[in-house]
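Take the given structure of chain A and dock chain B to it, following the hints.
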Amino acid sequence: MMARRKSQKGSDETEARREALRRRDMRVKEQERQARRIRPLVTPEGAALNLRVATASERAGAFLLDFSILVITVIAFSWLIAIAFSEMGFRGWQIAGSIAAVVVFLLRVFYFTFFEIGRKAATPGKRALGLRVAARNGGRLTANAVLARNFMRELEVFLPLTLLVMGSEDAIGAWIRLIALVWAGTFVLFPLFNSEKLRVGDLIAGTMVIHAPRVKLKKDITSAEPLATASQHNFTQAELDIYGIHELHVLEDVLRQSTPEIKAKVADRIRNKIGREAPQTPDDLAFLEAYYAALRARLEQRMLFGDRKTDKFDTR
Amino acid sequence: MNDRVMKSYRFREEREADWQALDRIVTRAEKRGVKRLSDEDMLALPRLYRQAVSSLSMARSISLDQNLLAYLETLCARAYFFVYGTRASMGARIAQYFRRDWPDAVSRAILPTLLAALCLFGGGLLAFILTMQDPEWFWTFHSGWDSRNPDAGYDYLRSTLYTEETNIADMLGAFAAQLFSHNSTIAITAFALGFCLGIPTTILLIYNGLSIGSFMAVFFSKGLGAELTGWLFIHGVTELFAIILAGAAGFMIGGAVAFPGKKTRIQSLRDTGNQAALVIMGAVIMLFMAALLEGFGRQLINSDMTRYIIALVTLVFWLAYFYWPRRKDEGA
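Residue numbers (this note's numbering), protein chains in the order written: chain A, 1 to 316; chain B, 1 to 332.
Chain A on its own, in the form it takes in the complex:
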């Protein structure tokens, strides 16, 4: 009876360990995938900036935002113009329609170009998702490049749209349209098939879209006034060598942005792992901050000696 329970427990443990290893594999793969997005750019000072190529979904999202803005602007404009001219009867409507058409034309040609030539090199949609346009060779983003990449948008977006909406007038027109539609379809899907997620426009203009959201510098966790109880926590080297950099980063996220309940749970997990008793008075936050500081100090010290402990499985 006893032995069976023991073996049961043992298989549970191996099961849990296998699960943990599987998750680790997935994480490593994801990290590799993310690392492939990075395009190092060496500045003239000789420092490398790690620019991240925007994913296809980010770009599609930005485009949908911009497109919605365009459509809303057009509707708002037409509405205002219609009100302004509605007193003139039929003639007024005719004028309103024409002016609205001119507005559509100007927006369609100049909306993207205007914003991308601007200081932030991004349309409102791109800005909202933290994207910006950059020259692929790391040089200046020229106005020509912005023009080129946005005129190609005509091919990649408006042409397929027009082709879908329009019927065919005659046989030759229908054939041309069919050929064009096939080509256009190729171009719409083009960004999915290259590592830098380039549109045809990017290819021609020599640009790429990178993901560079603004990040706020938060307070260093170790700099927060040490809580009165924090100094009571002294960790031995063995207790600190259990975890690696990945766990440190997870702990950083927990400390920066999670609820007290999660913090309590994490504190319990760590106490369990390093074999400490939970204290009578709960002091999870102080415990976690103290452990974070100690762990980071330990890992940074090891890193200085060229020894990066990537995660808890990394035992050398």
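Part of the chain B face toward chain A, derived, beta carbon under 7 angstroms:
no., residue
1, M6
2, S8
3, E30
4, R50
5, L64
6, Q66
7, A70
8, R93
9, G173
10, I188
11, A192
12, L269
13, G273
List of simulated lysine-lysine pairs, DSSO-like, C-alpha gap at most 30 angstroms:
no., chain 1, residue 1, chain 2, residue 2
14, B, K31, A, K216
15, B, K7, A, K219
16, A, K265, A, K216
17, B, K7, A, K309
18, B, K35, A, K216
19, A, K263, A, K29
20, A, K219, B, K31
Please keep in mind that the hints were generated in silico from the structure rather than gathered at the bench.
Even for Gly, the Cβ is constructed at its ideal location relative to N, Cα and C.
Just chain B now, kept in the frame of chain A:
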């Protein structure tokens, strides 16, 4: 263990104020432009930038604070784009475009331009001759909805060329319609499809030429040739020129893909693409002008003579603007 002795913490403590100063300057520049920066900011910028960049490479090797690293990465990227970004104001850039870039780009693309003109006019001539010989050819190139076809009578055809009463609504309508007309679509598509070795561009140009040629043949066969020419070319010079230039831009790109020479294809595409963009931008401006001429000019001016004069003047103007040799001044 004392937290305060951590290297990465001291590292941050010493430099944080400078990073934030840089952040402030870059944010202000992004929001309100370089001109709003004070002299002190401009002086401090290079130092702060270099310091942030070196902080970044240092932080990578000593700090494990994710937030700090992410902050420095983006701060340096933003500062980099600002420091090495373009400085010219929008106004200066537009002026330079009209003064130098546009005519330069067009005159350098003389061969593709001739090729595009050949496609367009060749198609036009072919259809013109065919339709003159046998009006049935018209139906090969056009569908039935246009009432200006070989079955229409002299009086009706003549009436389409002149406008009796004009009002602003009609003119605006014609102007707007022109912007979205077949021709402007063809122009932009001819550029955009140039990518595919220029083959679709060729087809589009010839097709457009065919449709114009057969259309003209209808009027010529009824003895309305001279009147039609005035009606067509008052804006047609500008419009057809724009289509040709758009086609030329398409051929430039097609040529860059097909014959990259010693460069890689991507490199050649990039270099040519930037030039072609200048040409196509100009073509869009020309299409806009053509729409103005068609919407307003053609409706207001009903005299053949004046129409011819305007057509000629625009032709001379464009040719002189693009191809007149000019002094190469300061390169930049």
